[in-house]
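Q: Taken in sequence, the protein lines are chains V and X.
Using the numbering used here, the first residue of the first sequence is number 1, and each one after it goes up by one.
Using the numbering used here, the first residue of the second sequence is number 1, and each one after it goes up by one.
The reader is advised that the hints may include incorrect statements.
Claimed, not checked - Straight-line alpha carbon distances no greater than 20 angstroms define the calculated DMTMM-like cross-link-like pairs of lysine to aspartate or glutamate that follow:
1) V:Lys447 - X:Asp2
2) X:Lys14 - X:Glu210
3) X:Lys298 - X:Asp151
4) V:Lys521 - V:Asp564
5) V:Lys274 - X:Asp227
6) V:Lys500 - X:Glu103
7) V:Lys273 - V:Asp317
8) V:Lys562 - X:Asp49
9) V:Lys492 - X:Asp93
10) X:Lys164 - X:Glu63
11) V:Lys500 - X:Asp49
12) V:Lys565 - V:Asp522
13) V:Lys273 - X:Asp251
14) V:Lys203 - V:Asp24
15) X:Lys308 - V:Asp216
16) V:Lys562 - V:Asp522
17) X:Lys370 - X:Asp342
18) V:Lys492 - X:Glu111
19) V:Lys274 - X:Asp251
20) X:Lys164 - X:Glu297
21) X:Lys298 - X:Glu312
22) V:Lys7 - V:Asp24
23) V:Lys29 - X:Glu111
24) V:Lys500 - X:Glu312
25) V:Lys212 - X:Glu111
26) X:Lys366 - X:Asp275
27) V:Lys148 - V:Glu121
28) V:Lys552 - X:Asp2
29) X:Lys308 - V:Glu215
No lab work stands behind these hints: they were computed from the structure.
As a plain string of letters, each chain reads:
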Amino acid sequence: MYGWCGKIARLNLSDQTWSVETADPEILKKFIGGRGLAGYYLSKRITLNWDDPDMPLLIFTGPLVNTRSPTSGRMTIMSRSPLTGTVGDSSVGGSFGTELKKAGFDGIIITGKSHTLSGIEILNASIHVTDACHLAGRQTGYVHSLLKGKGSTAVIGPAAESGVVFSSIIVDRHFAAGRSGIGRVLASKNIKYITVKGNGKTKIFNTQDLRKAREDVFRLAAASPILLGEFGISRFGTGALYDLMDARCMMPTDNFRQTKFSRASLMNAHAFKKRYAPKKIGCRGCHILCKKITKNRTSIPEFETMSHFSALLDNSDINTVIRANRICNEMGMDTISAAATLACFSEISQKRLSPNEIVSLLLDIGKKRGMGTELGMGASTYAKRLGRSDLAMAVKGQELPAYDPRGAYGMALAYATSTRGGCHLRAYPVSHEILRKPVATDRFSFKGKARIIKIGEDLNAVADSLTACKFIFFAASLEEYARIYTAVTGIKTTGQDLYKTGERIYYNERIMNAANGFTEKDDDLPGRFFDSPGYKNTSIDIDPIDREAFLKARSNYYMVRKLDKNGMPVPDMARKLGLVVL
Amino acid sequence: MDQIFRIYEDKLLKSGLADPGAPLLGLLDARLSWNRDDIACAELERLFDHLSINSLVFSQPAEPYRSIVDYLAETSGGIIFPGDCETRTFLHDLPVSFNFSSESIILALKERKSVIIPGHGIITYGTVGLEQAYVTFSSVCFACFVKFFSDYLFDVKHGKINNKRQNLFDLLVKRLDPAPCFKASLMKGPFDSAMSVRKAIQEAGMLIVEHRLVDSYFGNISFCYNDTLYISQTGSSLDNLQGFIDPCPLDGSSCTAITASSELPAHLKIVKNTDSKAILHGHPKFSVILSMDCDIEKCECRGQCHIKCPHERFVGDIPIVSGEVGSGPHGLCNTVPEAIKDRPGVIVYGHGVFTAGQTDFNRPFKNLIKIENDCRAEYFNRIR
Ligand code: SF4
Ligand SMILES: [Zn+2]
Ligand SMILES: [Zn+2]
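Please put together the full structure from these sequences, using the hints given.
A: Next comes the structure, spelled out in structure tokens:
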């Protein structure tokens, strides 16, 4: 088989048995890999509780992983989200996906529950469950160091063990599967870490075509100011976006009470670069290398983290941003949710958090101490308990990232319709609303956005399934990636065929959420965005979003997505896509 | 009719890409709408059912594009392979459909951003809006124009022109836009505020478009003032730059210019390494065509002229350099800044022209016109 290994490992932790199954080529074609394929396997169990031993945790790579296809070193970790109850997944880089492929697997399905804290070690075609009791409560960095030599590593921190709903899984020390609280699922299975190492090769159908298609993508990346330009993410990391968000007056500030942060110019990517002189690293096989780390291996925060630990918390101490990021990584928790939960706490308790308070609260959350116990439930649950649900800036229980939806209406709609709750990456309208790619759209208008968002969702579903990095699609398109896919797998396809596959993958996620009771009521934004304005000056007004226009766009979206008027999947459409409504 | 349709009809007409009444524009959100009724609508509606697109432009291009596109399509064997940089980077190649049926059109559009149907016109689409479809439409016309004239030049030298092509060529030459000419003057520098810098950039942008020194509206313009480079944004229309100019501090203290033109690295190097402050970059057609005409018979780099031409080539005193869009090891930012020193301008192989001046846009603008007109004259010299 070309591209895929054609093999999926099933590991049952309850009785410590594992087996290898041959993947059905038809299913591979229909769901590709990564997020799509994981979603296919998850759908059979999606109505179980997230901590039911039978609930699988799925780690899937795609056909392009471990080939010379550009930016294809990523994978998806998926389960049902403890944070939202929706399908819960996170795309993550590093080397894990590549090593998993080298070990001979397209994916691994982990079910059951280990009796004691354990590790999973994969070495080529063999899987061992090892004792990890001595690692209980240990920070991720320490565990990564201990596992040196065992290949790529995925580790949870104390946060997951102590039940923080927004716990992450940290891969290869610097790469976070941050969102959806996926770390907590691993903790519920009593798994502290997974390592994987292999030396297999992925078979390529046509290397020459791959080289040609790869050059096309490289040329586009070189032409892209956002990727490889003077101020692009290769040079500055994703923090390169920080100044732009400030300039567009859409930087969430003070728990989304404001959209402009007065000290932004002192907290930007340039400031980090000057102060820490970081070097570039990246996911395996990527030439963009958007991650930045300092000499002593401290990660420079990603854009979302930079923004939320500064503007959202009204913090102007740059070192606190670095520390907060480090604590989140060491504790194993999502930076976006952690910062947003602190911001929610800050607003409810009506006090600005000092740098020290930010740091100590984060530690408290990770270790389940004092106030941290409550904040570890996430902004929505915390705010609800205090009768202030209105102050949790979240969608479906997942805290919002660093783009104020009042400053980009496509983003407003995308937040609402995202199948994993408050997330910018599902449709990623930043591309056209802010970065002008492939062309600019009017960020203050819902016009045409329903279909644009739907198409964006399909595109990114494909990216997450191939897998390829979403950033490359600021420059390339499925047109180029279809050629790569064909060159690698030998399966003839086109960019437009891949969109169809993306539609199937996304619809499958809507079906899973519907089965768990999610309706149009959940496809909504916090009230603040409809009744309070953001920043205003002589040249710009960040107004509240017109509720009517939003609802209209949402119902347009349902039409375009071929859901019923309540946002529920329709059997007929499901059948057309080769799916069934649960 | 929706305002948005009018905007793009206008753009197509003004840039000479389509004749009045020709463009058929479709836009789909929850519902599909067209700028006008047309019998083609029924057939084209199916495209929206089968393709993940939200907008579509279908038009017979205006002359001379129409004859060129038809000729290239009919003689193509199914796919046209232009050699200019724009196509190489963004469109890759141009598929042809020999009949106007949705099946065959869909087949082509599944793979590429445009399809040419000889005798009917060009169809392009967008996934986020009409702008995208418009840009592609314009690029197709530009690419075909450049290809026709550069193929002709090549084949004339090799004695391979048949009557049909000769007749078409003669006809097209009669239909060419008159050579651009500019007698007046632009805003005079030195400028004393960021505001006047922005105004000067806008004015230069407008004139570049008016004189058709770019394909459709794209190119880029910058001016360095007070240690800040003011530069047009990526994908902005040069005739409407108000609100689309990014300030880029030379010390790199802000990344706001992440939305600036792809050629920002080249602009920055020019202002840092030379005395120039005002930079223009356009894609005037004959400069592009002539840049691709190389007589060096046994060049070891044939086929890679755009990334590593090892020879010093000139049109008059204007150097022709290799280089691709943006940054990267083959980026034109590695060749243009060096070549433009002490010269009125530089031509980039298969791509376009850079000109620079010290106080305002007068000199670079006049040089841009002069280079294009010299290339045009030289082109007709070479075919004689
Ligand atoms: S661009 Fe960054 S996130 Fe994407 S694959 Fe490369 S290093 Fe990884
Ligand atoms: Zn150019
Ligand atoms: Zn040569």
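Q: Each hint should be assessed against the structure and marked as holding or not.
A: Taking the hints in turn, this is what the structure says about them:
1. Taken as a hint, the lysine 447 of chain V and aspartate 2 of chain X pair is honoured in the structure, with Cα atoms around 11 angstroms apart against an allowance of 20 angstroms.
2. The straight-line distance between the Cα atoms of lysine 14 of chain X and glutamate 210 of chain X is roughly 9 angstroms, inside the 20 angstroms bound, and the hint therefore holds.
3. A C-alpha spacing of about 19 angstroms is found between lysine 298 of chain X and aspartate 151 of chain X, which places the hinted pair at or below 20 angstroms, so the restraint holds.
4. Simply put, lysine 521 of chain V and aspartate 564 of chain V have alpha-carbon atoms about 13 angstroms apart, close enough for the 20 angstroms limit, and the pair holds.
5. Simply put, lysine 274 of chain V and aspartate 227 of chain X have alpha-carbon atoms about 19 angstroms apart, close enough for the 20 angstroms limit, and the pair holds.
6. Distance check on the hinted pair: lysine 500 of chain V and glutamate 103 of chain X sit about 17 angstroms apart at the alpha-carbon level, within 20 angstroms; holds.
7. This hinted pair checks out: lysine 273 of chain V and aspartate 317 of chain V have alpha carbons roughly 15 angstroms apart, not beyond 20 angstroms.
8. Proposed proximity of lysine 562 of chain V and aspartate 49 of chain X is supported: the alpha carbons are some 12 angstroms apart, at most 20 angstroms.
9. At most 20 angstroms may separate the alpha-carbon atoms for a hinted pair to count; lysine 492 of chain V and aspartate 93 of chain X meet this at roughly 18 angstroms.
10. In summary, the hint linking lysine 164 of chain X to glutamate 63 of chain X is supported, as the alpha carbons are separated by about 17 angstroms, within the 20 angstroms threshold.
11. At most 20 angstroms may separate the alpha-carbon atoms for a hinted pair to count; lysine 500 of chain V and aspartate 49 of chain X meet this at roughly 11 angstroms.
12. Using a Cα cut-off of 20 angstroms, the hinted pair lysine 565 of chain V and aspartate 522 of chain V holds, with the two alpha carbons roughly 14 angstroms apart.
13. Under the criterion of a C-alpha separation no larger than 20 angstroms, the hint pairing lysine 273 of chain V with aspartate 251 of chain X is consistent with the structure, at around 13 angstroms.
14. In summary, the hint linking lysine 203 of chain V to aspartate 24 of chain V is supported, as the alpha carbons are separated by about 17 angstroms, within the 20 angstroms threshold.
15. Note on lysine 308 of chain X and aspartate 216 of chain V: the hinted pairing holds, with a Cα-Cα distance of about 17 angstroms set against a maximum of 20 angstroms.
16. Distance hint between lysine 562 of chain V and aspartate 522 of chain V is fulfilled; the C-alpha atoms sit about 18 angstroms from each other, no more than 20 angstroms.
17. A distance of roughly 16 angstroms separates the Cα atoms of lysine 370 of chain X and aspartate 342 of chain X; the hinted pair therefore holds under the 20 angstroms criterion.
18. Restraint check for lysine 492 of chain V and glutamate 111 of chain X: the C-alpha separation of about 11 angstroms stays at or below 20 angstroms, so the hint holds.
19. Annotation: proposed proximity of lysine 274 of chain V to aspartate 251 of chain X holds, straight-line Cα distance about 11 angstroms (limit 20 angstroms).
20. With a CA separation close to 28 angstroms, the supplied pair lysine 164 of chain X and glutamate 297 of chain X exceeds the 20 angstroms bound.
21. Of the pairs offered as hints, the one joining lysine 298 of chain X and glutamate 312 of chain X holds, with about 15 angstroms between alpha carbons and a cut-off of 20 angstroms not exceeded.
22. Under the criterion of a C-alpha separation no larger than 20 angstroms, the hint pairing lysine 7 of chain V with aspartate 24 of chain V is consistent with the structure, at around 9 angstroms.
23. Taken as a hint, the lysine 29 of chain V and glutamate 111 of chain X pair is honoured in the structure, with Cα atoms around 18 angstroms apart against an allowance of 20 angstroms.
24. A threshold of 20 angstroms between alpha carbons decides the hint, and for lysine 500 of chain V with glutamate 312 of chain X the separation of about 49 angstroms lies outside it, so the pair is violated.
25. Note on lysine 212 of chain V and glutamate 111 of chain X: the hinted pairing holds, with a Cα-Cα distance of about 16 angstroms set against a maximum of 20 angstroms.
26. Between the alpha carbons of lysine 366 of chain X and aspartate 275 of chain X the distance comes to roughly 18 angstroms, so the proposed pair stays at or under 20 angstroms and holds.
27. For the given pair, lysine 148 of chain V sits about 12 angstroms from glutamate 121 of chain V by alpha-carbon distance, which is consistent with the 20 angstroms threshold.
28. For the suggested pair lysine 552 of chain V and aspartate 2 of chain X, the alpha carbons sit about 18 angstroms apart, so the restraint of at most 20 angstroms is met.
29. Simply put, lysine 308 of chain X and glutamate 215 of chain V have alpha-carbon atoms about 15 angstroms apart, close enough for the 20 angstroms limit, and the pair holds.
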